[in-house]
Amino acid sequence: MGMLGYQRKKSIVHSLDVRLKLALLALFMLAQVFAPLSFAPLFFAITLALYSFARIDFLEVVKSRKALLLLPLIPSLLRLLFEKGSVAVAGMLLPAGMVNGTLNLVFLCSLVYTPLLFALTTAPSQISGALRFYGMPKRWAFIFSIAFVSVAYIRKKAERTLAAQRARGCRRNALALMLPVLHTCFRRARTLSLSMASRGFDADAA
Amino acid sequence: MAKKEVLRLENVSFSYAGKKEKAVDGTSLVFREGEFAGIIGAVGSGKSTLLYCCNGLVPKEIRGKFAGTVRLFGKDVAKIGFPEISREASMVFQDPNDQIFNLTVEEEVAFGLLNRGMAREEALAAARKAVARVGLSEKLHDDPSELSAGQKQKVAIACALAADSKIILLDEPVSSLDWRSSQEVYAILSGLAHEGKTVIATEQDTCLLSRHATRIIVIDGGKVVKDGGVEVLSSSLIEKLGLRPPGPMSCGARK
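From first to last, the protein sequence lines are chains A and B. According to this note's numbering, the first sequence is numbered sequentially starting from 2. According to this note's numbering, the second sequence is numbered sequentially starting from 15.
No lab work stands behind these hints, which were simulated from the structure alone. Given the structure is predicted, the values throughout are model-derived calculations rather than measurements. A couple of the hints might just be wrong.
Okay, the calculated bits of chain A under chain B, using three or more residues with CB under 8 Å as the criterion [claimed, not checked]:
id	stretch
1	63-73
2	148-154
3	187-196
The C-beta atom is built at its ideal place from N, Cα and C for all residues, glycine as well.
I would like the entire structure built from these sequences, with the hints used as guidance.
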């Protein structure tokens, strides 16, 4: 399963029309951004419910993508540590950093994991069609759907490169891993574009 | 009666951007209906580049200094777009991993047809037929990236079959396959040539070509040094170029 790997299952969320799913996702994200922070737990509860409807284990998703946790965690920790003052919560006076840091964490988790659910429950080939329905140019819609598919490919390549390096005694080194993986990505992009051109793909056609 | 001309290269030369030496040097070739042409040569001899010239990838997508004319059914490839070219000529690349990007075999094979504006149901039906032809019907809804190398290459060939183009260009189609899968792939290609399609494959495996090809073109340094029937494979030129001639023990009888 890649970072954004589509998981083929039978669920209400999977079977929703992709255009509707995309529209609902956009509305949900906007609602979260503009709603007061105190509504964050409600939105997070909805996110968890959606994962349940999609028959995807939320904790498993979080565990298998630990790097994503940094996105909500770091700003929330900063808030927890440096925000001063107090807020009243259910008649009690609590440190503002603790309250707002927690709400911020819940808010950001929802912001990160709801779009991820979209990627987990939507076939990349359908994303392109939905984006075009909403007016995105063909070229860009295609770039998005290819990017989704390519994440799993890049992850496999990274694993193989890492294994090859370790077999030759190389320690884990992000730069040593990144360069060959990037090279592979560019090579794949090149041949993929040739293959698509030879199959009549025209990025500028309607 | 001479068979219909499908592809003509007239004095084609090409050197990659930033490089002085020519990858293809003054090559003139004519391909006809029903031919199964094998293009052989050592690594770096210009086989793949020559193939890319046949469907316009050189110079439209691959930049460099290009000279000469390539005509596909009489039309200058430089003056027609890829959608039109792809109707007449399909290409199968050496590494199927680099050309597969859809989530199911069915969608992968239907991709080219959908680009032509074919209705989705019609495209999927054609895809199913092509997938059945290569013997992968049970894998129709599987993720092509999870298939074996041989199966992936068959998917790539199914893409070319679904396009129903008259010319099929293949760049070392069996380089990553075992002997059995290679024979299966070449049997399919032979069948297509018998149906009147023109198959042009670059290859290092002279054994397979000796059993299936009707024409052998030998490339060295970007130039055609020999162009003839299968007997070319028995000439001393093959060994001189560093290629292994087909051996009677390992290749068996010609089909």
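Here is what the structure says about each hint:
1. 63-73: With 0 residues closer than 8 Å to chain B, the stretch 63-73 of chain A misses the three-residue bar; violated.
2. 148-154: With 4 residues close enough to chain B, the hint holds.
3. 187-196: Since 7 is at least three, the answer is holds.
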